Amino acid sequence: MSDTILQPAAPLGVGRGLRQFLVRYSLAGIFIIVVLAFSILRPDFTRAENINEILISASISGIMFLGLTWVLAAGEIDISFMEVAALSDMIVAGLVNAGWGWPLAACAGLAAGVAVGLLNGFLVGYMRLPALITTLATGSFARSIAAVIGLGSSVEVADTGIAGRFLNLHFGFLPAVAVLTVLLYAAAWFVQEKLVFGHYLYAMEQNRNAVVEAGIPARRLTVLVYLMSAICAAIAGILLTASLASGQPRIGVSFFIDGLTAVLLGGMVIKLGQPNVLGTLLAVLLLAVLVSGTALIGWSDWERDILKGALLLIGVIIVVKGRAAPATAQMGGAH
Amino acid sequence: MSETILRMTGIGKTFGAVKALDNVDFELQRGEIHALLGTNGAGKSTLVKILSGVYLKDAGEMFIAGEAVTFTGPRDAIENGIAAVQQHPELVPGLSGFENIFLGRETTSPGLFRRFQRDALRQRAEALLTRFPIGIDLAEEIGNMAAVDREVIAVLHALTRDDIKILILDEPTSTLTEREKALLFRLMRTLKNAGITIVYITHRLEEVFEIADRFTIFRGGRNIATMRSDDAQRAGVSIPEMMLGEKTGQLYPDRHAQPGEALIEARGLGQDGAFEGIDLVARRGEILGVFGLVGSGMDELSKALFGVTRPERGDILLGGKKIIFHGPSDALRRGIFLVPGDRRTEGLTLTRDVAFNMTLAKLRRASSLAGFMKLRAERRIAAELAAHVALQPAILQRHAGLFSGGNQQKIVIAKGLYAQADIYIFVEPTVGVDIGARAKLYALMRELSATKAVIVMSSDCDEVYGLADRVMALYKGRIAFESPALETTANRLLTAGIMSAQQAAEGPSAPQVERQPA
Amino acid sequence: MNRALLMRLGAFLAMVVVIGAIFGVLSSQFLSQNNIAAIFRHMSAEGIAGLGLTFVIVVRRFDLSFPGIAAFGAMTTGQLIALGYPLFPSIAGGIAVGIVCGVINGLAISVLKLPDIVTTIAMGSIAYGLSFIYSNGATISDNFMESGILDINDQTIAYLDEPIFFMLVLYLLAWLVLHRSRFGRGFYATGENPRAAMFSGVHVRLYVIAAFILTSATAVWAGILHCAEAGQADPSAGDGFLTPAFASVYLGAALFGYASVPATFAGTLLISMMLNGFTLLSVPYYYSDAIISVVLISAIAVFDPRFAAALQRIVKTRSLAGAPK
Numbered sequence: 001m002s003d004t005i006l007q008p009a010a011p012l013g014v015g016r017g018l019r020q021f022l023v024r025y026s027l028a029g030i031f032i033i034v035v036l037a038f039s040i041l042r043p044d045f046t047r048a049e050n051i052n053e054i055l056i057s058a059s060i061s062g063i064m065f066l067g068l069t070w071v072l073a074a075g076e077i078d079i080s081f082m083e084v085a086a087l088s089d090m091i092v093a094g095l096v097n098a099g100w101g102w103p104l105a106a107c108a109g110l111a112a113g114v115a116v117g118l119l120n121g122f123l124v125g126y127m128r129l130p131a132l133i134t135t136l137a138t139g140s141f142a143r144s145i146a147a148v149i150g151l152g153s154s155v156e157v158a159d160t161g162i163a164g165r166f167l168n169l170h171f172g173f174l175p176a177v178a179v180l181t182v183l184l185y186a187a188a189w190f191v192q193e194k195l196v197f198g199h200y201l202y203a204m205e206q207n208r209n210a211v212v213e214a215g216i217p218a219r220r221l222t223v224l225v226y227l228m229s230a231i232c233a234a235i236a237g238i239l240l241t242a243s244l245a246s247g248q249p250r251i252g253v254s255f256f257i258d259g260l261t262a263v264l265l266g267g268m269v270i271k272l273g274q275p276n277v278l279g280t281l282l283a284v285l286l287l288a289v290l291v292s293g294t295a296l297i298g299w300s301d302w303e304r305d306i307l308k309g310a311l312l313l314i315g316v317i318i319v320v321k322g323r324a325a326p327a328t329a330q331m332g333g334a335h
Numbered sequence: 001m002s003e004t005i006l007r008m009t010g011i012g013k014t015f016g017a018v019k020a021l022d023n024v025d026f027e028l029q030r031g032e033i034h035a036l037l038g039t040n041g042a043g044k045s046t047l048v049k050i051l052s053g054v055y056l057k058d059a060g061e062m063f064i065a066g067e068a069v070t071f072t073g074p075r076d077a078i079e080n081g082i083a084a085v086q087q088h089p090e091l092v093p094g095l096s097g098f099e100n101i102f103l104g105r106e107t108t109s110p111g112l113f114r115r116f117q118r119d120a121l122r123q124r125a126e127a128l129l130t131r132f133p134i135g136i137d138l139a140e141e142i143g144n145m146a147a148v149d150r151e152v153i154a155v156l157h158a159l160t161r162d163d164i165k166i167l168i169l170d171e172p173t174s175t176l177t178e179r180e181k182a183l184l185f186r187l188m189r190t191l192k193n194a195g196i197t198i199v200y201i202t203h204r205l206e207e208v209f210e211i212a213d214r215f216t217i218f219r220g221g222r223n224i225a226t227m228r229s230d231d232a233q234r235a236g237v238s239i240p241e242m243m244l245g246e247k248t249g250q251l252y253p254d255r256h257a258q259p260g261e262a263l264i265e266a267r268g269l270g271q272d273g274a275f276e277g278i279d280l281v282a283r284r285g286e287i288l289g290v291f292g293l294v295g296s297g298m299d300e301l302s303k304a305l306f307g308v309t310r311p312e313r314g315d316i317l318l319g320g321k322k323i324i325f326h327g328p329s330d331a332l333r334r335g336i337f338l339v340p341g342d343r344r345t346e347g348l349t350l351t352r353d354v355a356f357n358m359t360l361a362k363l364r365r366a367s368s369l370a371g372f373m374k375l376r377a378e379r380r381i382a383a384e385l386a387a388h389v390a391l392q393p394a395i396l397q398r399h400a401g402l403f404s405g406g407n408q409q410k411i412v413i414a415k416g417l418y419a420q421a422d423i424y425i426f427v428e429p430t431v432g433v434d435i436g437a438r439a440k441l442y443a444l445m446r447e448l449s450a451t452k453a454v455i456v457m458s459s460d461c462d463e464v465y466g467l468a469d470r471v472m473a474l475y476k477g478r479i480a481f482e483s484p485a486l487e488t489t490a491n492r493l494l495t496a497g498i499m500s501a502q503q504a505a506e507g508p509s510a511p512q513v514e515r516q517p518a
Numbered sequence: 001m002n003r004a005l006l007m008r009l010g011a012f013l014a015m016v017v018v019i020g021a022i023f024g025v026l027s028s029q030f031l032s033q034n035n036i037a038a039i040f041r042h043m044s045a046e047g048i049a050g051l052g053l054t055f056v057i058v059v060r061r062f063d064l065s066f067p068g069i070a071a072f073g074a075m076t077t078g079q080l081i082a083l084g085y086p087l088f089p090s091i092a093g094g095i096a097v098g099i100v101c102g103v104i105n106g107l108a109i110s111v112l113k114l115p116d117i118v119t120t121i122a123m124g125s126i127a128y129g130l131s132f133i134y135s136n137g138a139t140i141s142d143n144f145m146e147s148g149i150l151d152i153n154d155q156t157i158a159y160l161d162e163p164i165f166f167m168l169v170l171y172l173l174a175w176l177v178l179h180r181s182r183f184g185r186g187f188y189a190t191g192e193n194p195r196a197a198m199f200s201g202v203h204v205r206l207y208v209i210a211a212f213i214l215t216s217a218t219a220v221w222a223g224i225l226h227c228a229e230a231g232q233a234d235p236s237a238g239d240g241f242l243t244p245a246f247a248s249v250y251l252g253a254a255l256f257g258y259a260s261v262p263a264t265f266a267g268t269l270l271i272s273m274m275l276n277g278f279t280l281l282s283v284p285y286y287y288s289d290a291i292i293s294v295v296l297i298s299a300i301a302v303f304d305p306r307f308a309a310a311l312q313r314i315v316k317t318r319s320l321a322g323a324p325k
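Going down the list, the sequences are from chains A, B and C.
Position one of the first sequence corresponds to residue 1 (my numbering), numbered consecutively onward.
Position one of the second sequence corresponds to residue 1 (my numbering), numbered consecutively onward.
Position one of the third sequence corresponds to residue 1 (my numbering), numbered consecutively onward.
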């Protein structure tokens with residue numbers, strides 16, 4: 001109890017609870033509204049092929065952004081993830097064309113992700129270099145290597161191998177890759193909510209010093225989340241090679257805004273502003289629906305880009321206004 | 001029952017050319033509360049950091065319960081039953097009390113992928129509450145708790161290992177109100193009864209006699225004396241003298257007020273949740289002292305008078321005219337300067353040099369009409385000011401962060417002098433400043449008051465009373481007392497500032513508030 | 001000038017000499033007068049964005065929007081030229097667009113207190129999208145020859161190529177403002193300790209907004225120069241600004257201890273020398289990005305005080321493992 005007089009009137013219990021409820025579940029509501037709207041505007045939208053496309057696209061994106069969710073939840077930032085996907089994408093394409101089998105090529109792509117993830121984790125977690133500049137540099141580096149592989153242009157892949165077959169696999173109308181994504185996210189949700197890992201992540205975002213002083217290996221935690229972000233991106237890259245039947249060195253650009261938007265917009269789901277895997281998944285679906293829907297009603301790419309930028313802005317505002325503690329150092333604000 | 005739980009002999013620690021600890025012996029009896037005293041840099045913090053494993057000793061030996069130990073890091077100290085609570089404990093604001101208490105110790109085996117069971121933690125918290133009965137709702141978020149409750153959580157966090165023998169508290173009361181301090185002391189006594197030894201660093205000498213069984217005084221890296229509190233009290237020992245090593249002499253300059261015109265007035269100033277009904281007048285030629293503890297609204301009032309915040313009620317008058325400030329720059333332009341309570345975060349740009357800091361509040365003086373800086377003139381004026389305030393060492397290129405607390409405060413005062421204000425407001429001017437530098441700061445304030453109006457706001461009652469010509473006490477946002485200094489006593493001022501304790505002690509017949517007409 | 005500064009200056013000059021020597025050996029053209037002019041021309045265009053970014057770094061923020069804003073501003077100028085407006089108002093129009101974007105950035109970040117990194121990413125994306133609005137993304141080149149914009153790239157003033165002339169003027173102005181004016185003091189005060197700056201009467205929020213305005217405006221100028229050289233305006237005008245700009249500012253800051261206008265000049269010079277050298281050696285553009293990234297990381301790592309402290313810690317714990325007592 002404070003000793004001061006004239007306590008400012010506390011916000012009414014009912015009002016606050018209602019506001020929180022609205023924020024928590026509004027993304028789901030928006031999703032439903034948007035799906036309904038597009039379904040009415042363009043019946044094509046609900047065609048099986050379209051839904052399939054949406055689900056596959058959302059799955060690949062979802063996998064790419066899974067680790068990123070935790071990087072942002074920990075209060076850090078990673079702007080190299082999309083370039084890791086591009087690098088992995090190019091490595092797989094290049095190696096498959098060189099005669100390596102898909103499994104081996106995929107391992108190589110994965111290894112690239114591990115390498116970048118460890119580098120990021122080391123520089124940001126142990127050396128405590130500023131996360132933005134570091135991942136800017138490592139991302140730029142990864143993008144360069146990706147371009148080198150194709151000597152500046154894309155690499156066609158003749159045979160999409162096992163990954164391609166996986167992408168074509170369906171359980172009824174549900175793509176297998178979507179099932180995989182859901183399973184991955186379910187596992188991630190478990191880790192996030194039921195294991196101390198998630199607990200420490202969110203604690204770290206609010207007060208890293210407290211976590212360090214409590215004897216928790218904060219540096220190792222940081223390395224882990226950067227590693228996961230890169231591995232998820234690498235896996236997505238492998239799937240991209242199969243999906244596009246080619247390696248595209250500049251594919252990263254398309255996923256950059258999407259990733260940050262999905263994680264930040266998803267932050268308001270359930271956790272009122274803290275990035276979490278469930279929110280990311282829902283936001284990824286929403287973005288995939290928006291991409292498909294707006295294309296169907298004739299929007300140009302750039303109109304969609306503006307929409308995405310606006311959504312990211314909204315996501316930012318939500319996260320900032322929803323956080324218990326003031327916005328932390330790495331994600332933004334004075335550093 | 002006295003049994004030596006800790007013995008340190010011949011401890012030495014050197015940082016570069018500075019001998020922080022010189023052949024220090026120190027011992028603790030089991031179950032005692034032992035206070036460590038000494039000015040900044042006297043060595044008490046260094047000793048405690050060696051004890052908690054943060055620093056490695058250069059010389060000497062350490063024995064815990066008779067066994068020789070060597071620490072290579074904080075973990076060794078914890079393994080040996082030593083836990084430390086920082087002065088500003090780091091807690092996670094969004095987590096609940098019990099989550100913070102068990103942070104890092106949720107499971108018996110370490111690892112990042114262990115199960116997190118909130119309910120099990122809740123049960124452990126209940127168990128803790130039976131062991132240490134404190135009236136805190138552990139399910140509450142830390143961010144919503146009062147300062148003392150957070151302090152208690154930090155202490156409990158330090159104690160989550162069952163085998164803690166020695167608890168180190170570093171200035172835990174610096175941000176607590178009187179009532180909260182009593183709660184903390186109650187917890188400490190409970191811990192003591194449970195057999196835990198407490199090492200307690202403090203700057204507040206009155207607490208020594210209140211809570212400590214024994215105390216040790218450090219000076220210049222040496223253990224000067226260890227005494228039992230009751231012995232010392234009976235013998236009338238002057239602790240400040242022992243801390244300084246010489247007769248304190250006159251700390252506060254003579255008063256010689258020549259009150260002139262009223263430069264700044266407040267009438268009925270009020271701000272929700274901070275203060276209400278504030279009337280005050282500061283005149284040229286005298287020092288107005290305001291005594292108020294943490295939570296009295298003092299800090300908020302100083303910020304309202306400087307334009308950082310706008311009060312919701314009442315008026316501020318400058319030279320008789322009603323004024324509304326449009327921010328600190330407006331207040332500065334009108335001739336008010338604030339020396340803020342926290343010089344490191346509010347008063348100085350620590351990463352810039354002395355001249356940069358000194359001229360920041362009135363850059364116009366150091367620049368030409370077109371806006372270009374006159375660097376040579378700036379340096380000259382800065383040198384003059386540095387000499388005036390006796391800055392030590394007077395190296396102008398040095399970054400402000402590298403100076404001692406007292407010298408940093410001098411830089412802030414120099415900044416005020418450079419701004420050529422008419423009204424100077426000092427908030428907590430000597431926190432963390434050792435006694436040697438304090439005398440110089442007081443002299444500067446007295447000198448200022450000869451031609452300007454000076455307001456000194458502090459939670460140190462002796463300081464307010466010793467320095468000011470007129471004194472006021474702030475209690476819970478209202479003026480509880482007001483008087484010319486010579487017509488009252490420091491005790492009266494202190495009583496007014498902590499009135500609730502008085503009321504609680506004396507009930508409805510507590511002395512009425514005396515208010516002298518301004 | 002004190003000793004520390006002299007040493008840093010020496011380190012910088014040494015780097016110039018070393019890089020010059022390496023490329024001079026590898027390519028006969030590197031040290032030719034023509035090529036040195038080309039290096040400075042590169043600094044004047046792509047490198048000028050770093051100058052504005054310096055102010056943002058000084059106030060301890062980040063800005064990732066300027067490539068998109070450069071595109072939007074440059075396309076605006078291109079559109080105005082194509083519509084027949086004279087050169088000067090067209091350029092002013094583009095810069096004005098940049099200023100407005102900078103104001104929005106500044107307000108969002110200093111008043112609404114949104115996090116700078118993701119907010120500027122969003123703004124940059126929106127600005128980039130808006131750059132398509134005039135021509136649906138097609139290149140604009142009508143009236144370019146008549147308007148005189150190409151002359152900006154081609155002509156000379158006082159024996160210097162025009163872009164280089166403008167660059168020197170801009171650097172001089174920036175130096176005067178940031179390092180020699182009382183207005184400039186506020187930037188460092190805002191960046192180093194905004195609370196103390198506020199207590200000293202510095203209008204912290206205005207300085208943050210000003211910093212973002214400067215970044216956007218210089219980025220648009222860089223975009224316009226790019227279009228002047230290419231003879232057309234297209235939304236890719238801002239591509240490739242981001243990493244070199246940050247690299248210049250951080251490399252300079254690493255060399256001189258903190259971000260400043262001279263430091264950015266030094267960093268930009270070194271980066272431009274390297275990029276130019278690689279072009280001469282026919283190294284494909286994608287390699288150069290990688291090398292700039294490595295330079296950037298090395299610069300921060302080597303000169304970051306925490307790096308040295310971390311190294312010390314690692315060394316200490318290792319020696320402790322074998323220490324007696």
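Simulated from the structure, these hints should not be mistaken for lab results.
Misleading hints may appear alongside valid ones.
Using 30 Å as the maximum straight-line C-alpha spacing, the simulated DSS-like pairs for lysine-lysine come out as follows [unchecked claim]:
1. K271/A <-> K113/C
2. K181/B <-> K192/B
3. K113/C <-> K321/A
4. K321/B <-> K476/B
5. K165/B <-> K181/B
6. K49/B <-> K181/B
Quick caveat, the model's predicted, so the values are computed rather than measured.
Do the hints match the structure? See the list:
1. K271/A <-> K113/C: holds, 21 Å
2. K181/B <-> K192/B: With a Cα-Cα distance of about 16 Å, the restraint between K181/B and K192/B holds, given a limit of 30 Å.
3. K113/C <-> K321/A: holds, 10 Å
4. K321/B <-> K476/B: Holds - the C-alpha atoms of K476/B and K321/B are around 28 Å apart, at most 30 Å.
5. K165/B <-> K181/B: Holds, because 23 Å separates the two Cα atoms, which is no more than 30 Å.
6. K49/B <-> K181/B: It holds: about 24 Å lies between the C-alpha atoms, which stays within 30 Å.
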